[in-house]
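Asker: Place chain B on chain A using the hints.
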Amino acid sequence: EAGVTQSPTHLIKTRGQQATLRCSPISGHTSVYWYQQALGLGLQFLLWYDEGEERNRGNFPPRFSGRQFPNYSSELNVNALELEDSALYLCASNDLGDYGYTFGSGTRLTVV
Amino acid sequence: AQSVTQPDIHITVSEGASLELRCNYSYGATPYLFWYVQSPGQGLQLLLKYFSGDTLVQGIKGFEAEFKRSQSSFNLRKPSVHWSDAAEYFCAVGARSRGYQKVTFGIGTKLQVIP
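Residue numbers (this note's numbering), protein chains in the order written: chain A, 754 to 865; chain B, 7 to 121.
Just so you know, not all the hints are guaranteed correct.
[Claimed, not checked] Where chain A lies over chain B, by a calculated footprint (3+ residues, C-beta under 8 Å):
(1) 47-58
(2) 109-119
[Said to hold, decoys possible] In silico negatives: residues of chain A with every beta carbon more than 12 Å from chain B:
(3) Lys766
(4) Gly769
(5) Gln771
(6) Ser780
(7) Pro814
(8) Pro815
(9) Arg816
(10) Asn830
(11) Asn832
(12) Glu837
[Said to hold, decoys possible] Sample of chain B residues facing chain A (criterion: CB under 7 Å; computed from the structure):
(13) Tyr38
(14) Phe40
(15) Gly100
These are computed hints drawn from the structure, not numbers from a lab. None of the values given here were measured: they were computed from a predicted structure. Quick reminder that beta carbons are idealized off the backbone N, C-alpha and C, glycines included.
Extracted from the complex, chain A is given alone in its bound form (with noise of 0.2 Å):
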């Protein structure tokens, strides 16, 4: 079974631009969450789509968004980068009724 895979691996990005994370959840897992984990501060949590639907977020600005596709892939953007925004973007994915997430290996993103 495949698990949770991220693209791309690695991201460079120059101050203001747009960035896009891809994120294909295990199969049959419907909820999809997004951590930002930069240097230092721990995992914060970002998002969470369940069903195509947004359901949380956390404490980040409006230009952190995203989407949730009918086949449960998901998709973050982040618009007007900032040099803060270097970070790795982790991906995890579950089934509702389930306790506990499996991690994709992360996107990691560099705003130059």
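Answerer: Leaving out everything else, chain B in the frame of chain A:
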């Protein structure tokens, strides 16, 4: 609101020595507790989890953790550390809130293993 404290940011142990990583949580009801491990540049891998029942939980890679309600702790242990255990370890607490699961992670403990 739930929270997790990992008091040790960095720990160094010798290969073959025993290991205990500390985790304290705050949550009003019975929590769901997890330990994850992250190798450099990688995602998080679930080591073990506690929902209910036996308070001593066995996980992968020879790790175990003990839930102690009286101390609000969920410490991770391994009797003999291998060099490949060098990584960052995250304790997490999960709870149901308004019909969804919320998982809060600790800041992490970075483990260094010396020969």
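Asker: Indicate, hint by hint, whether the structure satisfies it.
Answerer: Now the hints, each set against the structure:
With 8 residues bearing a CB less than 8 Å from a CB of chain A, the stretch 47-58 of chain B meets the requirement of three and the coverage assertion stands. Closer than 8 Å: that is the beta-carbon criterion, and the stretch 109-119 of chain B has 6 residues meeting it against chain A, so the requirement of 3 holds. Even its closest Cβ contact with chain B, about 19 Å, leaves A/Lys766 beyond 12 Å, as expected for a residue assigned away from the interface. Every Cβ of chain B is farther than 12 Å from the Cβ of A/Gly769; the closest lies at roughly 27 Å, confirming the non-interface assignment.
Distance to chain B confirms A/Gln771 as a non-interface residue, since its nearest Cβ pair spans about 24 Å, more than 12 Å. No beta-carbon of chain B is positioned within 12 Å of the beta-carbon of A/Ser780; the least distance is around 18 Å. Every beta carbon of chain B lies more than 12 Å from that of A/Pro814, the smallest distance being close to 21 Å; the non-interface claim holds. The claim that A/Pro815 lies off the interface holds: its Cβ sits roughly 21 Å from the closest Cβ of chain B, which is beyond the 12 Å cut-off.
For A/Arg816, the condition that its CB be more than 12 Å from all CB atoms of chain B holds, with the nearest at approximately 23 Å. Listed as outside the interface, A/Asn830 is consistent with that label: its C-beta sits roughly 20 Å from the nearest C-beta of chain B, beyond the 12 Å cut-off. For A/Asn832, the condition that its CB be more than 12 Å from all CB atoms of chain B holds, with the nearest at approximately 25 Å. The non-interface label for A/Glu837 is consistent with chain B: the shortest C-beta to C-beta separation is roughly 18 Å, beyond 12 Å.
Interface hint at B/Tyr38: satisfied, since its Cβ lies 5 Å from the closest Cβ of chain A, which is below the 7 Å cut-off. Annotation: interface hint on B/Phe40 holds; nearest CB of chain A at approximately 5 Å, less than 7 Å. A least Cβ separation of about 6 Å between B/Gly100 and chain A falls short of the 7 Å threshold, and the interface hint therefore holds.
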